[in-house]
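Order-wise, the sequence lines are chains A and B. This note's numbering puts the first residue of the first sequence at 1, with every later residue one more than the last. This note's numbering puts the first residue of the second sequence at 1001, with every later residue one more than the last.
To be clear, the hints were calculated from the coordinates, so they are not data collected in a lab. It cannot be assumed that every hint is accurate.
[Stated by the list, open to error] Here are the in silico distance ranges between beta carbons for each label pair:
hint, chain 1, residue 1, chain 2, residue 2, range
1, B, Q1109, A, V43, 25 to 31 angstroms
2, A, N47, B, V1212, 48 to 54 angstroms
3, B, W1107, A, K7, 38 to 44 angstroms
4, A, L4, B, I1067, 29 to 35 angstroms
[What the hints assert, rightly or not] So, partial list: chain A residues that the calculated Cβ filter (under 8 angstroms) puts toward chain B:
hint, residue
5, L118
6, M119
7, P123
8, L124
9, I126
10, Y216
[To be verified] Simulated coverage check for chain B against chain A, where a stretch passes if three residues somewhere in it have a Cβ under 8 angstroms from a Cβ of chain A:
hint, stretch
11, 1044-1058
12, 1115-1128
13, 1154-1164
A quick note: this is a predicted structure, and the numbers were derived from the prediction, not measured. Positions of the beta carbon are idealized from the N, C-alpha and C atoms, including for glycine.
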Amino acid sequence: MFYLLLKKELFIELRSKELILSMIVFGIAIVLSFSFSSDLSRVVVQNYASGMFWITVLFVATLGVHRSFAYEKEFDAFSMLVTAPIDRGLIFLAKWISGFIYLTIMEILIIFPFFNFLMIDFPLNISVAVITTLFSNLAVMAVANLVSGIAMRSNLSEILLPILFFPLVSPVIIAATQISKGVMLNEPYAFWEIWVLFLGSTIIISGLAGYALFDYLVEE
Amino acid sequence: MTDFFQKKTNFIFLLSVIILSLINIINIIYNTPMIPDQHWAQKIFYVHVPSAWVGFLSYLVVMIFGIMYLNSNDDKWDNVGLAAAEIGTFFMALVLITGPIWATPIWGQPWIWEPRLVTTLILFLIYIGYFMMRAFGGYLERMKRNAAVLGIVSFINVPIIFLSVQFWSPEIQSHPQVEMAQQPSEILSPFLFSLFVFTMLYFLMIRYRIYVIQLNNKIKQNV
């Protein structure tokens, strides 16, 4: 059933492409704004680059996760989805994984403009950078989908989502920034190991909380 | 207000809290020792720490009653959760006000990157979102469920937020790491008394607020 739900999420996007497109355009616009506003030496920008990257991800994830739940509002599709005889926690898991996939695609497409616009060097250890970024994406989307589940069916959900999401996701952004900084500056793993463990626990806690509590959020 | 305090037990409770609060204020001003480097600024410690304790206690109450509401769907648990969230946020605001008042003469600036300060601020912001969610409305039962879930998620996040901030910049953690058990009795006793008075004040406030919320709900039902 999980694969069916995931397939549904991915197929909707494959047909419309509006989520991915808007995320990418918004992501590039933010990167461009950063490059305008950071007229600093390369060394300074290199130090701040990881923070800029995760702030970009934060904004784009907000946009993406809101749209992902807004789909369900149209024609009251969500009511139909929750009346299906399935474990509702799986809806959360499907949205989490699909959100993770969209976010990763967006990052793949903005990463070259990001490094080029800011005129900074790619990290030396690309594979570590990729793995840690994927890990951070998983944590960001776990919290994003949980918060979006809370905000989605209230009035003015588009305002409520960032208001709730930004403070709740702040530990994840701090951890992701520290990990990326460590990778960018080629620091040994021991320097940022604590943040990896930290992200791991956030993924487990948010994932379990989302899976267990989503049932109550979607109840009619 | 009169209805609530016309009840003998509530009136005695109110009277006790007023008397205890007055004794507490006098005790803090006249009976606590002056710390050489901090002078009067240190006195705020007897208000700041109990406020933080009551604030976090209140958010724990929000989580517990959120779980109870989700399990039973009984409105009375939601009323307790809402009252606790409001009073908790009031005390958190007090923490955020008294903290900088203490910090300005001691640290030379009202705000620095410090885990407990930032954790409190983040939690405060989450609860502002909590009230906005309740205010923006939507279907009432759903909004109550969402509020209960948010109360649970927020409290689960407290240790995560705290650790994240603590790990980030350990070199600039200026918050006094006070080991209360090792303090002399002239500091420890008034501190514990203040903690007790604030807790009593909290229970009085929450009882009264629940009463007012129930009254409001009755009025809304009759309109």
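Checked hints:
no.: 1; hint: B/Q1109 x A/V43: 25 to 31 angstroms; in the structure: holds, 28 angstroms
no.: 2; hint: A/N47 x B/V1212: 48 to 54 angstroms; in the structure: holds, 52 angstroms
no.: 3; hint: B/W1107 x A/K7: 38 to 44 angstroms; in the structure: violated, 56 angstroms
no.: 4; hint: A/L4 x B/I1067: 29 to 35 angstroms; in the structure: holds, 31 angstroms
no.: 5; hint: L118; in the structure: violated, 23 angstroms
no.: 6; hint: M119; in the structure: violated, 27 angstroms
no.: 7; hint: P123; in the structure: violated, 21 angstroms
no.: 8; hint: L124; in the structure: violated, 24 angstroms
no.: 9; hint: I126; in the structure: violated, 26 angstroms
no.: 10; hint: Y216; in the structure: holds, 5 angstroms
no.: 11; hint: 1044-1058; in the structure: violated (count 0)
no.: 12; hint: 1115-1128; in the structure: holds (count 5)
no.: 13; hint: 1154-1164; in the structure: holds (count 7)
The structure is inconsistent with the numbered hints 3, 5, 6, 7, 8, 9, 11, although it conforms to all the rest.
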